[in-house]
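J.: Got two chains here, each in a separate frame; can you build the complex from them with the hints?
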Amino acid sequence: MSSLFNEVTSTRSDDVPVRRVTITVNGETHTADIEPRLLLAHLLRQGLKLTGTHTGCDTTNCGACTVLFDGRPVKSCTMLAVQADGHEVTTVEGLNTPSGLHPIQEGFKDEHGLQCGFCTPGMMMAAKALLDENPAPSEEDVRWALAGNLCRCTGYQNIVKAVLWAAERMDDTEAEEAS
Amino acid sequence: MAIDEIKIGGMGARQRRVEDNRFIRGKGNYVDDIVLPGMLHMEILRSPVAHARIRSIDVSRAWEIPGVRLVLTGEMLAARNLAWMPTLSYDTQAVLATDKVRFQGQEVAAVVADDPYIAKDACEAIVVDYEPLPVIVNPDQAMAPDAPLIRDDKVNQHDNRVFDWEVGDRERTEQAFAEADVVSTLELHYPRSHPSPIETCGSIADFDRSTEKLTVYMTTQAPHIIRAAVAMVAELPEHMIRIISPDIGGGFGNKVPVYPGYVVSILASILTERPVKWIEDKTGNLISTGFGRDIYLKGELALRSDGRILGVRMHTTSDHGAFFSDAQPSKFKVGLMHSAFACYDIPTAHLTATGVYTNKAPGGVAYRCSFRVTEAMYFQERMVHAAADDLGIDQAEIRRRNFVRDDDFPHRTAFGFLTDSGQYTKCLDLGLEAVDYEGFLREKEEARKQGRLLGIGISTMTEPLGAGNSREYDILGIKMFDAAELRVHMTGKAILRTGAKTQGQGHETTWAQIVAHELGIPANDVVVEEGDTDTAPFGMGTYASRSTPVAGAAVSMVARKIRAKARKIAAHLLEVSEEDIEWELGRFYVRSAPDRGVTIQECAMAAYSNVPDGMEPGLENHAYYDPPNLTWPFAAYIATVEVDPETGVWDVLRVVAVDDCGVRINPMIVEGQIMGGLTEAYAMSSMQFITFDADGNCIGSNYMDYLLPTAWETPGFELHEVVTPCPHHPIGAKGVGECATVGGPAAFVNAVMDALKDTGVRNIDMPLLPDRVHRALTTGADVSGAPPVDPDAP
Ligand code: FES
Ligand code: FES
Chain C
1 MSSLFNEVTS TRSDDVPVRR VTITVNGETH TADIEPRLLL AHLLRQGLKL
51 TGTHTGCDTT NCGACTVLFD GRPVKSCTML AVQADGHEVT TVEGLNTPSG
101 LHPIQEGFKD EHGLQCGFCT PGMMMAAKAL LDENPAPSEE DVRWALAGNL
151 CRCTGYQNIV KAVLWAAERM DDTEAEEAS
Chain L
1001 MAIDEIKIGG MGARQRRVED NRFIRGKGNY VDDIVLPGML HMEILRSPVA
1051 HARIRSIDVS RAWEIPGVRL VLTGEMLAAR NLAWMPTLSY DTQAVLATDK
1101 VRFQGQEVAA VVADDPYIAK DACEAIVVDY EPLPVIVNPD QAMAPDAPLI
1151 RDDKVNQHDN RVFDWEVGDR ERTEQAFAEA DVVSTLELHY PRSHPSPIET
1201 CGSIADFDRS TEKLTVYMTT QAPHIIRAAV AMVAELPEHM IRIISPDIGG
1251 GFGNKVPVYP GYVVSILASI LTERPVKWIE DKTGNLISTG FGRDIYLKGE
1301 LALRSDGRIL GVRMHTTSDH GAFFSDAQPS KFKVGLMHSA FACYDIPTAH
1351 LTATGVYTNK APGGVAYRCS FRVTEAMYFQ ERMVHAAADD LGIDQAEIRR
1401 RNFVRDDDFP HRTAFGFLTD SGQYTKCLDL GLEAVDYEGF LREKEEARKQ
1451 GRLLGIGIST MTEPLGAGNS REYDILGIKM FDAAELRVHM TGKAILRTGA
1501 KTQGQGHETT WAQIVAHELG IPANDVVVEE GDTDTAPFGM GTYASRSTPV
1551 AGAAVSMVAR KIRAKARKIA AHLLEVSEED IEWELGRFYV RSAPDRGVTI
1601 QECAMAAYSN VPDGMEPGLE NHAYYDPPNL TWPFAAYIAT VEVDPETGVW
1651 DVLRVVAVDD CGVRINPMIV EGQIMGGLTE AYAMSSMQFI TFDADGNCIG
1701 SNYMDYLLPT AWETPGFELH EVVTPCPHHP IGAKGVGECA TVGGPAAFVN
1751 AVMDALKDTG VRNIDMPLLP DRVHRALTTG ADVSGAPPVD PDAP
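Residue numbers (this note's numbering), protein chains in the order written: chain C, 1 to 179; chain L, 1001 to 1794.
Think of the hints as simulated: they come from the structure by calculation, not from any bench.
Don't take every hint at face value.
Derived CB-CB ranges, DEER-like [stated by the list, open to error]:
#: 1; chain 1: C; residue 1: T24; chain 2: L; residue 2: A1078; range: 24 to 30 angstroms
#: 2; chain 1: L; residue 1: V1723; chain 2: C; residue 2: T173; range: 35 to 41 angstroms
#: 3; chain 1: C; residue 1: A136; chain 2: L; residue 2: E1718; range: 39 to 45 angstroms
#: 4; chain 1: L; residue 1: G1012; chain 2: C; residue 2: T173; range: 31 to 37 angstroms
#: 5; chain 1: C; residue 1: T60; chain 2: L; residue 2: R1053; range: 32 to 38 angstroms
#: 6; chain 1: L; residue 1: G1012; chain 2: C; residue 2: T24; range: 23 to 29 angstroms
#: 7; chain 1: C; residue 1: E139; chain 2: L; residue 2: G1012; range: 24 to 30 angstroms
In the DSSO-like style, the derived pairs of lysine-lysine whose C-alpha atoms are separated by at most 30 angstroms in a straight line are [as the list claims (entries may be wrong)]:
#: 8; chain 1: L; residue 1: K1565; chain 2: C; residue 2: K161
#: 9; chain 1: L; residue 1: K1007; chain 2: C; residue 2: K49
#: 10; chain 1: L; residue 1: K1449; chain 2: L; residue 2: K1493
#: 11; chain 1: L; residue 1: K1493; chain 2: L; residue 2: K1007
#: 12; chain 1: L; residue 1: K1213; chain 2: C; residue 2: K49
#: 13; chain 1: L; residue 1: K1027; chain 2: C; residue 2: K161
The beta-carbon is built from N, C-alpha and C at its ideal position, and this holds for glycine as well.
So that you can see chain L by itself, here it is in the shape it has in the complex (with noise of 0.2 angstroms):
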């Protein structure tokens, strides 16, 4: 008889997570948690002002603190040549200042003493002589005549820009809007934002002079590229560098760059030869760690009068700090900005793009993103809310004429891009009936009439996930593909290791449901390793929701190998030909006579007791999978709020969430990625931005102003969903960890805007916080967000 999948925990189980047994005893084990014998502990002298010269670093006094072991300053990087590392776009990055210090916290030395109080005490002692500079927050000042020269230490480097970009038909799309009844067009600033995982950065570094071998434990989401950064930066043997990912407390982007201080703890290991710990503060990870977002579009459509697009025209300008290190397939200079208006069958599309340095942290990770495609989702759904207002189009009714149908796929996109499946009109529509849109639009109204401001904001998208392929897809040069190694021990339990890093997706679940159903051998009996680069195959880490389209593919298909192995034992143990062997889960027969067969264990258990002759003993082995094609997920979020006119304070009223990301491996876990990304949504749509005033300081640098949403504020989430599997997934799963967090935003902001669409204000930047709503209200004019804001303004 069959087995029931469900109950072996295998594909479509809600499936309790395995990790949750250390985390609910307080049993994680976090960088923080580690302590290896002699340890120190490093701590980071941060720079107070945004743009300044260096005159010079007096660290005598901190020499003096006992406890203290090592003082370090750029000038000593210098001399080993380590001032300066590589970024992951091409640019570099100081890791201790030497020249000038271009941002307000930016690394300029280290202390290492026994204990981190030391640390801290000697990082105070350290007297830093400042000549300061003329600061630079936004890219209006970066571009100006006379703006003062951020990047004096590259040749070549005439001005504040980092490049000009352009992707799509530029005369396509000067016809089409030509040919336009009516163009719609829009300005925005997405403000900076910060992943901020609870945990911060952290590193303990180990270099063993015995074997020359260096070991280092890391808050890290990408712990190969990691091992290969550090061989490359620190000039040490691959095969001598062990990158240990242990548990991560969040990661979504922040930590995938290589930051100074993993490296200076590295240098400070290896003069020491003691290990070496470095747990960055909140400040300092809110400050100097990769920021998300900042970014400037404007936008135009070009409309027919009945709601047909017929061409797109973009412009961005990033805001990039004083350092290029966005995390991104070296291809794209914005990223997958160009996958904006993807679910949209528009004939025409252009898009232009400019990137600057600024005095601010370097960055541009994808928080909870795959490369810019929040902000590219962000503007779509934005524009199209607006063509729609100025038409005097349904919102509903004007991303139905426009969407791709359903049998139009695969489809190339005005981009480029090739989508492949989906359902858009079903999850619009579904959306629309769970929040009774005609209800709500006739409750709006009665609500108008007594003076009160109700809204619903709908947001609809399709977004690229899990990069690669490897042809259009590397990070400086290196491959986007994933590998899995599956091992089934003789008594049919397993392990299995993938090149990817969870930090809360509950890979060591999802993994082994992945193996359940290739293999029917139950989840309970598979373990799942991750982060250690010297057990785990090769991997490109875990972002960008690229875990199951690419690691997932991989554990699919080295399950299958191990099948086909287990086949063939099969037919040996049944004495019959391989062709007259039927696999059902869990189990082969014979075609002819189902009632003899063997299980997968007993296969397991003849690969290491009874293999035919000439076959290999052991029943293990590793695949690579490089996908064919990016995933593209569907979503429709609808909000509806309602803004108080006096306050400008707005209420979530509800939210609903349609989410088409193929087939759902742990619906429970699915959902749960959906309500975490529909919180950061509505966190950056509502009160969480790092922003700067005109002297470069950081707003924005601690939790009492860089705001989190708490269970108080948070909404509750109605979900459903939708399946149109991917046709190219080995078990027709797309990503889905950021879509709520992509498409989010737009939504909440659609729904105030539709709030407020009788005050003819177009846009609020976000946060909308209540004094830009109020701003707005009261003037009826836009509100722009951009830096600098007066911190002392009411």
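Extracted from the complex, chain C is given alone in its bound form (with noise of 0.2 angstroms):
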């Protein structure tokens, strides 16, 4: 078996150094030994199995491995896994409830937000960082805010326009809610 990563129950047979880290991850904690060189992205996917989180290059300039670290956007291509030790993190699972699907997922569809897909959960994680600091961006804010985020397909004029649409849809709720 790999030596990347043990659920704390399995037995180790070899001397590779390990560090034991207890992570949050869409609200369940986790505990496991991990190798210290381990990337954050890996032990998202291989370790926990929530492949949502894709990796797309070696230079932290895709974006599509972003995932929130204690509600701010990382890219967990670029973070160890032991750096999340305490931590909590948010994946692109995480976004749905059992209720739902989060607004950003619903705009994203709704707006043709995404072609291959490939580098969607990582917009879509790095919109809701922006939503959940500025509730109601302009164009020019979504522009930016995704700057960190290659899309290949889109052309991101509709991934633009998903962002907004759950902005106002969010706002719509709020409202609601408040009422």
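T.: Structure, rendered in structure tokens:
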């Protein structure tokens, strides 16, 4: 078996150095023994089987791996999993609730904000970080917030629309909840 | 009452995509998401140098690393006759290098280990002794008399020439030039570029010794071609090979060829009897897999002083890298370069072409393009632009004067293609009106007085999409047609399978819409499956915008076969003769008594429960579709820009696109394709290219050097449409996926050249980086982009 990631229950047979970490992912707390060099993206994908977080480059440019780290967007390919010890991570799998899709997810579908879907999880997480901080962004705000995420298919215009769509929808829901 | 077609998600509906339901939840199923029991991981060691003899490879230290299961070198492959493989253009390509490395990034060895980190460690532990050789990075160097021979592995290869080829009428064209009032010439380089989908290439090979069956999950746009290739290369029986192409994170031509990584992972699985996963890193993808373009043009137009084009002469020199592995129909050496000037009514044309080997990655894939059509249209529109300037004729007017007229179809182009439909002037005029052409020209004049540089660029073109027909188009002898299978279940729900393979184009939605259009079965009741060669019917795959023209047509045809059988069932149910039956969407009825009818769903039920005597039960069929011709969409793209004379930085002001791709099945998806294409056009014109230094080091080997525009740089797009149905396609559709990538770049470049018109500069090679524009502004001279570049230059 791979030495990169072992649930604490499994026994280890070699002398690869490991660190025990406890990370909360999408509200669920996991403890694992990991190699210190293991990237957060790989812990999520291979260790926790959360394959919605994609990796598309080696240089922190594409943003396909974007997750929320204590609510802030980070590129999980450029963070060691040990750095996440004691922290909270939200991935695309944590975006929708059992009761339904997040407005960002609905917006991406409704505005045709995706084609191959490979960049989409990262885009949506970056968008979530934006809307959490700025519920009523301008088109320019959206374009700037997504500038760390590459999409090769869509030309961005519909992604921007999708995020604005979600912002409007979230505004409505909040207004409803308030009243 | 007839069904509302839009309501059931038929033709013309902006149907939201079914595939999105999994993608927005992070539930896509890409190759790297797949985990098989006992799976091992493979990494590839690549050459750091561009041209060298391999003195020795020492893998002993790699073997010592715990967790390493297999180390493979070219020698071990050679022992199994697998060190070389055929390319898609009748050349050979090294799988793992044996004698020499011929480009930076070439595959030299592979390690299979328990996890990818160990495999990477082990790759670094391999010691290769290279003896450097002189390096060639452009055609001039390749054709120099004392040039080192790159392909010394080939008998009878005495220089670095790949081919010489010609098409058109030489004599008649010479005559036209002799009679011309003006000859306009232009020399250009279309730089090497990379399709660079965000997902890289990868595979999981799973050879099962007990069944002798090989299953390969693979990032491929053309699973059936891969199955055939694996059968031939690995000499495995075709029925024992199953290629599964799951969700693909973008392809754009990059995922058509067979790459060494796939082949080695297959061999590794056979040797280890374990599933072996190989996922390429981004650098591996950019420096070794199929590039696009890298071609030089000497272009000449014979002109009458009123702007009419009397003849075209083109000479292209294409740089194929170390192995000629262009993915293209076998008849044509520079793809469909000779589709250039198809929208213009020109008496004669002649093209000569030379291909050369260099110490660069092989490829020449149709990067979001039908086999060099992108280059053809770029050359065409840059030449027309220069000709208008040479003659002092307005940019729009010179095009209007030369367009094939609406009543002139079918039209035989100067190079021999048959175009069949279009409204070229209408499209251009719609675009000019949208951009307020006259107004912009005035604004530009005003700005000029204040020292500001505004420019407008026009690009108009028709291009051949949807290869075959099979008479003329084949890949390695396999004819280019496609198939679809439709099975209607008893409750009227259906499953459709095709031999195409979506990579973001939305086939799962679009094909269901065609079924809805033909049968009245709601699109949501049709599930679409592609990409598994054990279940999908044969097909040549998805590239070159051929899905809708070919596979989409097959979907129509199979649905019509189903309808023909359902009609017989309807006659039986309604107890009338078949001739008395009429069809409206979703329902057969008795002509004389329209109230008496049965729905397609009722016919489906009867197909399994109450068939007429002598009829075979069930409601399923298949169709192979061999298109009678290519489809010929037309587009007019117009860009306006402002160039900063101080810095050479240029900003896009507006982009207006008028696309006529025939009947639109799902307008939302079509618009998405156009915007994606325009973005790649903007990318190529402004920032995205792969080049090399004199040592053959690839510049553009990662996303820090290979620049893709982000949401921040990418301009907004204004889309317009004209609809001229394709006369031979069953539902009148034409290809569209690549139009904007093909036609777009010239609009941006022409706009910048227009802004620089007063400087006398005729050409700056793409990408129009600020420093290139600045150099043109300050020197008044053309700027070439041909490699080598000096990476340390300011
Ligand atoms: S994979 Fe993390 S930025 Fe590209
Ligand atoms: S949808 Fe394909 S990369 Fe964005």
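J.: Evaluate each hint against the coordinates.
T.: Checked hints:
Checking the proposed 24 to 30 angstroms range against C:T24 and L:A1078 shows it is violated: the Cβ atoms sit about 52 angstroms from each other. Taken as a hint, the range 35 to 41 angstroms holds for the pair L:V1723 and C:T173, whose Cβ atoms sit roughly 39 angstroms apart. Separation of C:A136 from L:E1718 is about 25 angstroms and departs from the stated range, judged on CB atoms against 39 to 45 angstroms. The beta-carbon spacing between L:G1012 and C:T173, approximately 32 angstroms, falls within the hinted interval of 31 to 37 angstroms.
Checked against the given bound of 32 to 38 angstroms, the beta carbons of C:T60 and L:R1053, roughly 36 angstroms apart, stay inside it. In this structure the hint that L:G1012 and C:T24 lie 23 to 29 angstroms apart at CB is violated, the actual value being about 48 angstroms. Evaluation of the 24 to 30 angstroms hint for C:E139 and L:G1012 yields a pass: the beta carbon distance comes to about 29 angstroms. With a C-alpha separation of about 45 angstroms, the suggested pair L:K1565 and C:K161 falls outside the 30 angstroms cut-off, and the hint is violated.
Restraint check for L:K1007 and C:K49: not satisfied, since their Cα atoms lie roughly 39 angstroms apart, outside the 30 angstroms limit. This hinted pair does not check out: L:K1449 and L:K1493 have alpha carbons roughly 67 angstroms apart, beyond 30 angstroms. As the CA atoms of L:K1493 and L:K1007 are separated by approximately 17 angstroms, the hinted pair is consistent with the 30 angstroms bound. At most 30 angstroms may separate the alpha-carbon atoms for a hinted pair to count; L:K1213 and C:K49 meet this at roughly 27 angstroms.
A threshold of 30 angstroms between alpha carbons decides the hint, and for L:K1027 with C:K161 the separation of about 23 angstroms falls inside it, so the pair holds.
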